[in-house]
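Those sequence lines, one after another, are chains A and B.
According to numbering that gives the first Met the number 0, the first sequence is numbered sequentially starting from 0.
According to numbering that gives the first Met the number 0, the second sequence is numbered sequentially starting from 0.
In short, the hints are calculated from the structure, not lab data.
Small disclaimer: the values here were computed from a predicted structure and weren't measured.
Among the hints, erroneous ones may be present.
[As the list claims (entries may be wrong)] SDA-like mimics (lysine to any residue), calculated; alpha carbons at most 25 angstroms apart, straight line:
hint : chain 1 : residue 1 : chain 2 : residue 2
1    : A       : K538      : B       : D131
2    : A       : K535      : B       : V52
3    : B       : K157      : B       : R128
4    : A       : K538      : A       : S523
5    : A       : K15       : B       : D156
6    : A       : K139      : A       : A90
7    : A       : K567      : A       : M430
8    : B       : K124      : A       : E94
9    : A       : K15       : B       : R128
10   : B       : K39       : B       : S206
11   : A       : K538      : B       : D156
12   : A       : K538      : B       : C96
13   : A       : K593      : B       : R128
14   : B       : K205      : B       : E158
15   : A       : K349      : B       : K124
16   : A       : K356      : B       : A133
17   : A       : K151      : A       : E206
18   : A       : K139      : A       : Q160
19   : B       : K157      : B       : F125
20   : B       : K124      : A       : T547
21   : A       : K535      : A       : A519
22   : A       : K387      : A       : Q525
23   : A       : K356      : B       : D131
24   : A       : K151      : A       : E94
25   : A       : K538      : B       : N73
26   : A       : K148      : A       : Q93
27   : B       : K39       : A       : E347
28   : A       : K356      : B       : I2
29   : A       : K148      : A       : K15
30   : A       : K535      : B       : E69
31   : B       : K124      : A       : E347
32   : A       : K356      : B       : D79
33   : A       : K356      : B       : K157
34   : A       : K15       : B       : Q148
[To be verified] On the chain B side, residues computed to face chain A include the following (Cβ under 8 angstroms):
hint : residue
35   : G8
36   : C45
37   : K157
38   : T159
39   : Q189
Where is the CB? At the ideal position from N, CA and C, for every residue including glycine.
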Amino acid sequence: MNQKTRQILEHYHSDKTRLMDMLWDLQREDGYISDAAVASLAEGLNLSALDVRETLSFYHFFHDRPFGKHKIYLANSVIAKMNGYDDVRNALEQETGCTFGGVDASGTFGLGDANCIGLSDQEPAMMVDEVVFTNLTAAKIRDVVTQLKQGKTAVEIANPQGVSSKDVAYVDAMVASNIRNQGAVMFKADRDYRAILKACLDTHPQEVIETMTNASLRGRGGAGFPTGLKWQLGRNAEGDEKYIICNADEGEPGTFKDRVLLTRSPKDVLLGMVMAAFAIGSRHGILYLRAEYCYLRDYLQQQIDAFRHEGLLGEQILGAAFDFDIRIQMGAGAYVCGDETALIESCEGKRGTPRVKPPYPIQQGYLGMPTSVNNVETLAIASRIIEKGSDWFSAMGTDESTGTRLLSVAGDCDRPGIYEIEWGTTLNEVMQMIGANDPNAVQISGPAGDCLSVEKDGDREFCYSDLSCNGSLMVFDKSRDILHVVRDFMQFFVEESCGICVPCRAGGVDLLHKMELVIAGRASQQDIDEVTSWSKLLKATSRCGLGTASPNPILATLDKFPEIYAQKLVVQKGALLPSFDMDAAMAGYDLAQKSLVEEA
Amino acid sequence: MRIHITLDGQSVITREGDMLVDVAASNGVYIPTLCYVRGKPCLGTCRTCSVRVNGNIMAACTIPVSDGMEVEVNEPEVTDMRKALVELLFSEGNHNCPSCEKSGRCELQAVGYEVGMMVSRFPYKFTPRTRDYASNALWLERDRCIFCQRCVEMIRDKETGQKIFSIESRGTQATIEIDVELANRMPPEQVREAAELCPVGCIIEKSLGFNDPIGKRKFEIKSIRERALERVDK
Chain A
0 MNQKTRQILE
10 HYHSDKTRLM
20 DMLWDLQRED
30 GYISDAAVAS
40 LAEGLNLSAL
50 DVRETLSFYH
60 FFHDRPFGKH
70 KIYLANSVIA
80 KMNGYDDVRN
90 ALEQETGCTF
100 GGVDASGTFG
110 LGDANCIGLS
120 DQEPAMMVDE
130 VVFTNLTAAK
140 IRDVVTQLKQ
150 GKTAVEIANP
160 QGVSSKDVAY
170 VDAMVASNIR
180 NQGAVMFKAD
190 RDYRAILKAC
200 LDTHPQEVIE
210 TMTNASLRGR
220 GGAGFPTGLK
230 WQLGRNAEGD
240 EKYIICNADE
250 GEPGTFKDRV
260 LLTRSPKDVL
270 LGMVMAAFAI
280 GSRHGILYLR
290 AEYCYLRDYL
300 QQQIDAFRHE
310 GLLGEQILGA
320 AFDFDIRIQM
330 GAGAYVCGDE
340 TALIESCEGK
350 RGTPRVKPPY
360 PIQQGYLGMP
370 TSVNNVETLA
380 IASRIIEKGS
390 DWFSAMGTDE
400 STGTRLLSVA
410 GDCDRPGIYE
420 IEWGTTLNEV
430 MQMIGANDPN
440 AVQISGPAGD
450 CLSVEKDGDR
460 EFCYSDLSCN
470 GSLMVFDKSR
480 DILHVVRDFM
490 QFFVEESCGI
500 CVPCRAGGVD
510 LLHKMELVIA
520 GRASQQDIDE
530 VTSWSKLLKA
540 TSRCGLGTAS
550 PNPILATLDK
560 FPEIYAQKLV
570 VQKGALLPSF
580 DMDAAMAGYD
590 LAQKSLVEEA
Chain B
0 MRIHITLDGQ
10 SVITREGDML
20 VDVAASNGVY
30 IPTLCYVRGK
40 PCLGTCRTCS
50 VRVNGNIMAA
60 CTIPVSDGME
70 VEVNEPEVTD
80 MRKALVELLF
90 SEGNHNCPSC
100 EKSGRCELQA
110 VGYEVGMMVS
120 RFPYKFTPRT
130 RDYASNALWL
140 ERDRCIFCQR
150 CVEMIRDKET
160 GQKIFSIESR
170 GTQATIEIDV
180 ELANRMPPEQ
190 VREAAELCPV
200 GCIIEKSLGF
210 NDPIGKRKFE
220 IKSIRERALE
230 RVDK
């Protein structure tokens, strides 16, 4: 075992639940995680080497082979493809001299694809080592790659002023926040966190929960579970320890509101975590940050340290008999970890496989203990509700959907960025707000959500009983090819399926192939009927939300834009299905014949 | 606590918290399973035991029963879903029953018969999968793996408790792997246990081949349904 591995093991007290951190440390050190390093880690953790590989091989950003001195991941989201993605991709291959998925001859560059990296308001965008570059053009690629070749680090290029990575200016140097519409709840400057928390700690935890319940706050991650009820269940649950986890694994394509919240108002989120901990009786918090937001890590750690320094974290917070602290857990690239049970598995150093439910995390979560997993936005809002009262909050929005929510707007509009809207706002109002020109389709809540027709759905309201958007909103004007968008979304689900259950793992591939048939003009009505039937199977029998949501892109567009499918369908002539490709089938025969001859 | 649930319209008295799949078997209602092993922690990977519980489709091996639960097992729509899931497993791997060592003792094959599968409605994918012969006593015939994860979760090294079998990568890229060093330490009875635990012919004992020569093979006299219902602890 080499010195470095020993140090890493010592640093984490050979605690296998910290395997994710250890793998990151190793990769930072060596550029990749070698078989020798895996063997050493396994030995130190009393795991088989393959058990370490289970985790290592699950995550997109871990590499078991050298992947270049500079690791470049270009986001291949549908929004990027609307904004010059192809030029940027070609420029990257040309300038670095390597093809996607590989490393150049000198081992300087590794080029990889990434699904949405939370920058849809400024795409094309790419991650290079631990920083990001946005609004890419071929010229910008040439510039960046040239500088890298000259020996500059990615950080030096992205941050020429040399600002400390703990400073918000570091984040601002590479990413714009693009807050376009501010409401009553979020992004308030000059909050007196100490006074707000003091007032909270002077009440009883039960009062905190009642305030949440009276405010009717519902989780902003998508499922809309009542926050007060979750905290009450957490408070009632029995466990030696209890945990608060902030879900900052904002992976739904198109959404980036948590990125902006964590940049502009990180202490709102931390304060929400402290209050949640006080309410349920937790001493430990984890902020699970997606790897794509690694440029926020030092800044967030600085915010946590500042909170601790001010006595708002740590032991006996503000003199109360209440201890609580927060650690940051880095993800490593897996959309499925947005599922709270997969996220917990990842926090425990394992593959991000969603657990079987029940039990729910609020009963048995992190390390088997009661765990409240809350979305970044939920926690930030909670801190505002405790400050201003439930009446103040519930006066906004509608009766069943109180308050406001953040929308991450991207696509065909004049002003992509962050919008705080009151629940009850209509789709048409949002289209006007964002300067959408000739909008045709609007994808809300990402691929897992719904596709709306502006013409048919314009008067519908954003609220939990109608358009219960999780924050992602992508606009497509009439020039966009919806079928290709759907195909990309289906590809996304295939790539991100954890593979634990058969309907999602195998059924997703079948649905993707059907979309390809439609686009190729070789699908008949029978294919569409099968899509409908198989989608029902996936929705009913998949183990987690990823599988159950994966048919949504097709189902939603079949419902809203049936004509674009109808135009592509062909009628069966004769005995063969249109999807049967005689030439392709015969090509196999020729190939087999040839290899037989060669063998003989 | 004694509770009462409805199972295909029939009222059943049972104990709160027992697993639905077991409760059904105890009451003569067969629900096919491929990853579930009675008495072991549920894996919830194959979904073949999907039934309708209070109107929602759920995997019966993951659901503890509670009072007033309404369960539909042999209802046409959900019956067809179970059949579709088995077909999906067949279309995903490369299953050639006539040439398989496990034929006649294979749970996937038996469940295929139980759900009345003739051919898969899903296109066969013919995914190339490599075999793994590296360990002394076992080999992995990955064409047949259905990723049930029984071996991953239930077979451990006796001395260290470490995993002998594991899953590599994710999604469609996932493969089952075997730790050669640990596998070579497996005592013969554990080798046999692993091969028998595998619901398909993926984990195969070396130098055994068929239990009996072709022509003399005695297949299971009882169907998987009869055996599942028999296993019930009375």
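Now for the hints, and whether the structure bears them out:
For the proposed pair A:K538 and B:D131, the alpha carbon gap of about 35 angstroms is over 25 angstroms, so the pair is violated. Under the criterion of a C-alpha separation no larger than 25 angstroms, the hint pairing A:K535 with B:V52 is consistent with the structure, at around 16 angstroms. Under the criterion of a C-alpha separation no larger than 25 angstroms, the hint pairing B:K157 with B:R128 is inconsistent with the structure, at around 29 angstroms. The straight-line distance between the Cα atoms of A:K538 and A:S523 is roughly 23 angstroms, inside the 25 angstroms bound, and the hint therefore holds.
Taking the CA atoms of A:K15 and B:D156, the gap is about 18 angstroms. The hint holds against a cut of 25 angstroms. Between A:K139 and A:A90, the direct Cα distance comes to roughly 9 angstroms. Compliance with the 25 angstroms bound is thereby established for this hinted pair. The suggested pairing of A:K567 with A:M430 is violated, with an alpha-carbon distance near 29 angstroms, which exceeds 25 angstroms. For the hint linking B:K124 to A:E94, the alpha-carbon distance of about 38 angstroms lies beyond 25 angstroms, and the restraint is violated.
The suggested pairing of A:K15 with B:R128 is violated, with an alpha-carbon distance near 31 angstroms, which exceeds 25 angstroms. The hinted pair formed by B:K39 and B:S206 fails the criterion: a straight-line CA distance of about 29 angstroms is larger than 25 angstroms. A hinted pair counts as satisfied when its Cα atoms are at most 25 angstroms apart, and A:K538 with B:D156 does not qualify at roughly 38 angstroms. As the CA atoms of A:K538 and B:C96 are separated by approximately 30 angstroms, the hinted pair breaks the 25 angstroms bound.
Between A:K593 and B:R128, the direct Cα distance comes to roughly 23 angstroms. Compliance with the 25 angstroms bound is thereby established for this hinted pair. The straight-line distance between the Cα atoms of B:K205 and B:E158 is roughly 23 angstroms, inside the 25 angstroms bound, and the hint therefore holds. Proximity of A:K349 to B:K124 is assessed by CA-CA distance (about 29 angstroms); at most 25 angstroms being required, the pair is judged violated. For the suggested pair A:K356 and B:A133, the alpha carbons sit about 37 angstroms apart, so the restraint of at most 25 angstroms is broken.
For the given pair, A:K151 sits about 54 angstroms from A:E206 by alpha-carbon distance, which is inconsistent with the 25 angstroms threshold. Of the pairs offered as hints, the one joining A:K139 and A:Q160 holds, with about 18 angstroms between alpha carbons and a cut-off of 25 angstroms not exceeded. Between B:K157 and B:F125 the alpha-carbon distance is near 36 angstroms, which puts this suggested pair outside the 25 angstroms criterion. Note on B:K124 and A:T547: the hinted pairing holds, with a Cα-Cα distance of about 22 angstroms set against a maximum of 25 angstroms.
As the CA atoms of A:K535 and A:A519 are separated by approximately 24 angstroms, the hinted pair is consistent with the 25 angstroms bound. With a C-alpha separation of about 57 angstroms, the suggested pairing of A:K387 with A:Q525 is violated against the 25 angstroms cut-off. Between A:K356 and B:D131 the CA atoms are separated by roughly 34 angstroms; this puts the pair beyond 25 angstroms, and the hint is violated. Note on A:K151 and A:E94: the hinted pairing holds, with a Cα-Cα distance of about 16 angstroms set against a maximum of 25 angstroms.
Taking the CA atoms of A:K538 and B:N73, the gap is near 20 angstroms; set against the 25 angstroms cutoff, the hint holds. Taken as a hint, the A:K148 and A:Q93 pair is honoured in the structure, with Cα atoms around 13 angstroms apart against an allowance of 25 angstroms. As the CA atoms of B:K39 and A:E347 are separated by approximately 22 angstroms, the hinted pair is consistent with the 25 angstroms bound. A threshold of 25 angstroms between alpha carbons decides the hint, and for A:K356 with B:I2 the separation of about 21 angstroms falls inside it, so the pair holds.
Between A:K148 and A:K15 the alpha-carbon distance is near 38 angstroms, which puts this suggested pair outside the 25 angstroms criterion. Proximity of A:K535 to B:E69 is assessed by CA-CA distance (about 21 angstroms); at most 25 angstroms being required, the pair is judged to hold. Between B:K124 and A:E347 the CA atoms are separated by roughly 35 angstroms; this puts the pair beyond 25 angstroms, and the hint is violated. Straight-line distance between C-alpha atoms of A:K356 and B:D79 comes to about 24 angstroms, which keeps the hinted pair within the 25 angstroms bound.
With a CA separation close to 30 angstroms, the supplied pair A:K356 and B:K157 exceeds the 25 angstroms bound. Simply put, A:K15 and B:Q148 have alpha-carbon atoms about 21 angstroms apart, close enough for the 25 angstroms limit, and the pair holds. Given the 8 angstroms rule on beta carbons, the hint for B:G8 is violated: about 21 angstroms separates it from the nearest Cβ of chain A. At its closest, the beta carbon of B:C45 sits 6 angstroms from a beta carbon of chain A; the interface hint therefore holds under the 8 angstroms criterion.
The criterion of a C-beta within 8 angstroms of any C-beta in chain A is not met by B:K157, whose closest approach is roughly 13 angstroms, and the hint is violated. Using the Cβ-Cβ criterion of 8 angstroms, the hint placing B:T159 at the interface with chain A is satisfied: the shortest such distance is roughly 6 angstroms. For B:Q189, the interface hint is violated, since its Cβ never comes within 8 angstroms of a Cβ in chain A; the closest pair sits about 15 angstroms apart.
Hint compliance for this structure: hints 1, 3, 7, 8, 9, 10, 11, 12, 15, 16, 17, 19, 22, 23, 29, 31, 33, 35, 37 and 39 are not met, and every other hint is.
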